[in-house]
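Each residue of the sequence shown is one higher than the one before, starting from 32 at the first, in my numbering.
Rather than coming from a laboratory, the hints here were simulated on the basis of the structure. Don't take every hint at face value.
[Said to hold, decoys possible] Simulated DEER-style distance windows between Cβ atoms:
#1 Glu127 to Arg180: 29 to 37 Å
#2 Gly209 to Val91: 21 to 29 Å
#3 Cys188 to Ala87: 34 to 42 Å
#4 Ala63 to Gly191: 17 to 25 Å
#5 Asp80 to Asp103: 30 to 38 Å
#6 Ala62 to Arg101: 41 to 49 Å
None of the values given here were measured: they were computed from a predicted structure. C-beta: ideal position from N, C-alpha, C; glycine also.
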Amino acid sequence: MDATTLLPRPTTTSTTVPVLDDTEDFTAIFAAHHDEAVRLAYLICGDQDRAEDAVADAMVKVWRAWQRGRIDNPRAYLRRAVVNQVNSRFRRLALERREAERRVGDDRGPRDPDTQVVDRDEIFEALQQLPSRQRTAIVLRYYEDLPEREAADLMGCSVGTVKSAVSRGLERLRSMVGEEVA
32 MDATTLLPRP
42 TTTSTTVPVL
52 DDTEDFTAIF
62 AAHHDEAVRL
72 AYLICGDQDR
82 AEDAVADAMV
92 KVWRAWQRGR
102 IDNPRAYLRR
112 AVVNQVNSRF
122 RRLALERREA
132 ERRVGDDRGP
142 RDPDTQVVDR
152 DEIFEALQQL
162 PSRQRTAIVL
172 RYYEDLPERE
182 AADLMGCSVG
192 TVKSAVSRGL
202 ERLRSMVGEE
212 VA
C-alpha cells in the first residue's frame with residue numbers, strides 16, 4: 032500500500048462522532064517520509080540536530096491533523112509543515128547564528144593547508160549564507176525538484192516571489208562561489 036495515498040478511515044461510535052483508527056496508517060506515513068523530511072530540513076537549516084528536531088515537531092503537528100482527518104496528501108502536508116517549522120526556528124535562532132559567526136574556527140581542528148574544499152561543501156556553505164527565503168526557494172526548486180507553483184504554495188507566497196528568490200539566490204551563490212551554479 033502506498034503511504035502517500037493513505038487516508039484515515041472514520042468509524043462511528045454510539046454518538047456518531049467519527050473516531051479515527053489510524054495509528055498503523057500514520058506509522059506507514061512516518062516510515063515512508065521521515066528520512067526525506069529530515070533531508071529537506073537539513074538542506075534548509077544546515078544543521079542535522081536542528082533538522083531532526085524540526086521534523087519531530089512537524090510530525091507532531093501532522094499527527095494531530097491526521098487524527099482529525101484533515102490531510103488529503105500526507106507527503107505534501109508534511110513537507111509544508113517541515114518548511115514552516117524550519118522557518119519559524121530561523122527567527123528564534125537569529126541571535127545564535129550571529130554569535131556563531133563571531134567565533135573563530137569551526138571545531139574541526141587545524142586543517143592541512145593543501146586540503147581542498149569539496150565543491151558541495153563550498154556550495155553548502157554559500158547556501159547557508161543566503162537569506163532564508165532565497166535558500167528555501169532554491170532547495171525546493173533544485174533539491175526537491177518542485178515546480179514553481181508547488182514551491183510557492185509551500186512557502187506561502189506567489190510564484191513571482193519564488194522566481195525572484197531563486198534568481199537572486201543563484202546570482203548571489205555565483206558571486207560567492209565564483210562559478211556557474213545551476
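Structure-based check of all given hints:
1. The hinted range of 29 to 37 Å is satisfied by Glu127 and Arg180, whose Cβ atoms lie roughly 34 Å apart.
2. Range check, Gly209 to Val91: about 42 Å between beta-carbon atoms, so the 21 to 29 Å window is missed.
3. Remark: the range hint 34 to 42 Å for Cys188 to Ala87 is contradicted by a beta-carbon distance near 26 Å.
4. Checking the proposed 17 to 25 Å range against Ala63 and Gly191 shows it is violated: the Cβ atoms sit about 33 Å from each other.
5. Distance hint check for Asp80 and Asp103: the Cβ-Cβ separation is about 31 Å, which falls inside the suggested range of 30 to 38 Å.
6. Between Ala62 and Arg101 the CB atoms are about 21 Å apart, so this pair departs from the stated range of 41 to 49 Å.
The structure fails to meet hints 2, 3, 4, 6 from the earlier list, while all remaining hints are met.
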